Amino acid sequence: MKILDKKRYRVRKLTPTEYGRLQAFPMEHWEQVVSDSQAYKQFGNAVTTTVATGVAESITDFLSHVGILKEDTTMEEMNKATSAQAQTENPAIAQITAILQPKKERLTELMNEESQLRTEVEALELAISTIQNGGKENA
Numbered sequence: 001m002k003i004l005d006k007k008r009y010r011v012r013k014l015t016p017t018e019y020g021r022l023q024a025f026p027m028e029h030w031e032q033v034v035s036d037s038q039a040y041k042q043f044g045n046a047v048t049t050t051v052a053t054g055v056a057e058s059i060t061d062f063l064s065h066v067g068i069l070k071e072d073t074t075m076e077e078m079n080k081a082t083s084a085q086a087q088t089e090n091p092a093i094a095q096i097t098a099i100l101q102p103k104k105e106r107l108t109e110l111m112n113e114e115s116q117l118r119t120e121v122e123a124l125e126l127a128i129s130t131i132q133n134g135g136k137e138n139a
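The sequence shown: position 49 = 49 (the numbering used here), numbered continuously.
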């Protein structure tokens, strides 16, 4: 395999198959049915499941690090929590859904807690205002 074109002193362009392999696509049974330029565009715009998995794992690690995700939560537990539909989908979607669902539930809890806290804050501010106004009337 020639990498360097000695006549022109240039490194040769990668083939579409090499592009696919470089991006971790399974290329064993791949057959090119479009032009090279179209194949380059398709590979350039695509994201493999290995990339999505890596991104999902990095997000999980970060969420665990900052305390948003419980440290005792495993990927298996998250996968069990997903719906049957998500299990039949793309593995990357299933993993992201497994991470997303508990976040949505936690967000709902936080929103309910926020509403309760707002009510308590308003009541306390009203109490302060009432005490302040009552003190002025007595003076």
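Fair warning: there could be bad hints in the mix.
Said to hold, decoys possible - In the BS3-like style, the derived pairs of lysine-lysine whose C-alpha atoms are separated by at most 30 Å in a straight line are: (1) 41 x 13; (2) 7 x 41; (3) 41 x 6.
Don't read these hints as lab results, they were simulated from the structure. Every value quoted in this text rests on a predicted model; they were computed, and no experiment measured them.
We went through each hint and held it up to the structure:
1. For a cut-off of 30 Å, the pair hint linking residue 41 to residue 13 stands: about 14 Å separates their Cα positions.
2. Between residue 7 and residue 41 the CA atoms are separated by roughly 28 Å; this keeps the pair inside 30 Å, and the hint holds.
3. Of the supplied pair hints, the one linking residue 41 and residue 6 holds, its CA atoms being roughly 28 Å apart against a limit of 30 Å.
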